[in-house]
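Asks: Each chain is listed here by its residues.
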Amino acid sequence: MTAYRYDGTFAGFLTCVWDALESGTEPVEFLCSGDEVSLWETRRPATDAEKARRLYAALAKRVSPAFQKLVARGFLTCLPEKELDLLALIRRGLREGDRVRLDLSNPVMARVNLALTKMWTEWDHLKGFIRFSDLDGALVGEIEPKNRVLPLLAAHFAARYSGERLVLYDRTHREAFVSDRGRWRLLPAEDFRMGPAGSEERAFRAMWRKYYQTIAIEGRLNPKCQSAHLPKRYRHVMTEFITDREMEQSLPGQTGGALPRTGEKAIEG
Amino acid sequence: MEVMDKLTILADAAKYDAACTSSGVVRGGRPGMIGTATNSGCCHTFSADGRCVSLLKVLYTNYCCYDCAYCVNRRSNDVPRTAFTSRELAELTIQFYRRNYIEGLFLSSAVLKSPDYTTERMIETLRLLRTEYRFNGYIHAKAIPGADPGLTHELGLLADRLSVNIELPSESSLQLLAPDKTRAAIFKPMAQIRDGAAQSKAELKLYRHAPRFAPAGQSTQMIVGATPESDRHILSLTEGLYRKYRLKRVFFSAYMPVSDHKSLPVPAGFKPPLLREHRLYQADWLLRFYGFTAREILDESHPNFDAALDPKSDWALRHPEFFPVEVNRADYEALLRVPGIGMRGAQKIVTARRYGPLSFEGLKRLGIVMKRAQYFITCSGRMLPGLRCGSDSVYRRLVGLEQAELGSGESWQQLSLFEGGAE
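So the protein lines, in turn, are chains X and P.
For the first sequence, the positions run 1 to 269 when my numbering is used.
For the second sequence, the positions run 1 to 423 when my numbering is used.
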């Protein structure tokens with residue numbers, strides 16, 4: 001029984017896969033640096049950007065570009081033990097070719113696809129539900145997603161607000177998307193606080209809240225339907241559901257605030 | 001008057017318009033401009049009534065020279081009146097858009113002075129947004145029936161989508177309740193928008209920079225339950241609108257009494273026909289994506305929806321000869337007719353069986369919900385083992401499922417999940 005320990009990055013994961021394929025190791029778990037101890041014998045291949053790059057290219061070339069994307073996107077999901085499922089898929093892909101992607105009723109494939117569907121749903125929700133505040137000319141916002149959707153949201157917002165300065169902070173994965181007039185990057189950021197808003201910003205927030213309340217038709221109130229479309233977990237950072245004070249205090253959501261960096265596993269225990 | 005007060009009055013006056021979609025057009029970011037648009041649209045929040053809020057939906061003004069019985073803005077109604085200036089509205093749109101509150105603007109208006117005058121004010125606002133504020137996001141504008149065609153055309157060059165509300169499902173109802181509007185006046189701009197959009201598309205093929213006229217097409221809305229038309233009448237009308245006028249969407253709005261007009265009496269205990277509206281949307285979905293015709297869904301012997309059952313299950317029970325459908329062989333169109341199998345499910349089945357035959361277990365793993373579908377399918381020639389299904393008991397079970405999902409009959413869900421969705 002063998003475990004892998006790596007740094008939590010995609011390159012680190014691909015390095016482990018390389019090692020597993022090369023040595024014939026069948027790991028029973030993947031651990032990220034810093035957290036739990038394992039009962040099993042542990043391999044710790046140092047993240048090797050070159051190996052990762054070559055394996056990543058091979059996924060497109062030997063299987064298909066769509067398969068490569070499936071693995072890369074799958075790594076962004078919050079699927080528990082996603083590394084084991086993705087490793088299994090990579091093994092099959094290299095053996096059987098792109099046909100693997102048709103095998104939707106296979107348990108591993110079904111699990112990964114379901115996780116991907118949930119991630120895209122979250123991405124789609126957040127494209128709409130994110131709220132920015134104009135703080136000294138920069139647009140600043142926060143999210144607390146289950147999946148690591150920030151890299152997927154970045155391109156959308158960079159294009160939409162190409163003339164603006166933007167900061168979007170992901171509390172769950174503790175990283176920030178920073179864009180300056182169309183040029184953007186992702187940065188790790190341990191701590192983040194919104195800061196107070198000026199009077200103009202407060203005025204627009206107030207108008208939005210008023211608008212939001214006004215457009216609901218009294219004779220059709222339907223909180224169940226509302227919750228089905230706008231789950232409560234998004235609301236603690238949405239302007240129309242919170243006060244200015246709450247926005248500045250960056251209160252944690254129902255999930256209990258920021259998780260450890262390699263959080264998916266920590267919350268299972 | 002403060003902008004805050006204007007916003008309150010003019011959003012309140014616009015809220016009965018059902019459409020709030022931002023779909024049907026793709027535009028990437030452009031240097032020096034603000035905004036993008038995506039084909040599937042985007043919901044930015046959901047109001048307490050469960051409806052998608054995608055656009056800033058306001059009237060330019062609620063001063064109106066008409067007196068339509070069903071309308072909250074009719075001139076005989078005693079409500080506070082106001083109007084935006086174009087500058088106020090453009091500024092508000094941009095500031096809301098920057099904060100990601102909205103996907104764009106839905107601009108409608110009561111008829112101030114005349115249809116031409118009103119349309120000119122709307123054009124002025126949109127032009128300000130598009131040129132001075134360099135707004136590249138979504139704009140939906142209401143074409144005002146009776147306006148000069150040249151003005152409507154100008155409006156369509158600035159907006160992504162235009163709509164003309166047909167308001168009521170028949171001419172006689174229109175005469176009774178909206179004496180200032182005629183059927184002809186409503187269908188004229190509709191035809192103009194259809195032809196303008198077709199022409200613009202043809203020109204775009206020749207010249208890449210030809211001006212785009214209403215690239216996201218047009219939609220309309222009608223009020224259901226204020227007048228006595230049958231569901232079948234409404235659904236055939238809807239089908240005709242899709243075919244004849246190439247509409248992208250037809251919206252239904254359960255009648256909410258907002259008036260005590262003499263030709264529109266409100267019986268004691270009247271409730272808006274929300275379930276009927278829901279059934280119409282379900283049937284509308286069947287028309288647009290599932291290959292059904294209006295005649296198949298409702299006919300002379302069957303002119304209204306079964307309140308207890310969704311239209312697709314209803315059709316399936318009336319057509320036992322079509323079932324069971326063999327999951328491993330049926331084509332996509334046949335799979336779509338199975339209650340409980342939607343577009344995504346049918347696509348997954350078609351993909352997965354290319355790898356190998358599907359079992360019931362496999363179907364479940366694909367995410368197909370079996371509680372309705374199980375009565376109508378076979379896997380490699382077999383029904384689900386242990387399933388009992390006389391046609392009476394299937395009806396009862398499907399009704400039971402429907403009741404459980406709709407709740408007490410008051411708190412059931414609207415299809416608004418899809419309202420910003422794919423077209």
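No lab work stands behind these hints: they were computed from the structure.
All values derive from a computational prediction rather than experimental measurement.
Note that the Cβ used here is the ideal one computed from N, Cα and C, for glycine as well.
There's no promise every hint is true.
[Said to hold, decoys possible] Residues of chain X clear of chain P, computed beta-carbon distances all greater than 10 angstroms: (1) A20; (2) E26; (3) E36; (4) R44; (5) L114; (6) A203.
[Claimed, not checked] Here are some, though not all, of the chain X residues that point toward chain P, as calculated from beta-carbon distances under 8 angstroms: (7) P107; (8) K127; (9) F132; (10) D134; (11) R209; (12) Y212; (13) A216; (14) N222; (15) P223.
Asks: Does each hint fit the structure? Answer for all of them.
Replies: Here is what the structure says about each hint:
1. A20: 25 angstroms, holds
2. E26: The assertion about E26 (chain X) holds, with a minimum of 23 angstroms to chain P.
3. E36: 30 angstroms, holds
4. R44: Since the minimum Cβ distance to chain P is about 35 angstroms, R44 (chain X) lies beyond 10 angstroms and the statement holds.
5. L114: Check fails; 7 angstroms does not lie beyond 10 angstroms.
6. A203: Label violated. Min Cβ-Cβ 8 angstroms, cutoff 10 angstroms.
7. P107: 6 angstroms, holds
8. K127: Where the cut-off is 8 angstroms and the nearest Cβ of chain P is about 6 angstroms from K127 (chain X), the hint holds.
9. F132: Holds. Min distance 5 angstroms.
10. D134: With Cβ-Cβ at 7 angstroms, under 8 angstroms, it holds.
11. R209: At about 10 angstroms, which exceeds the 8 angstroms cut-off, the nearest Cβ of chain P leaves the hint on R209 (chain X) violated.
12. Y212: 7 angstroms, holds
13. A216: 4 angstroms, holds
14. N222: 4 angstroms, holds
15. P223: 7 angstroms, holds
Taken one by one, the earlier hints fail for this structure at numbers 5, 6, 11, listed in ascending order.
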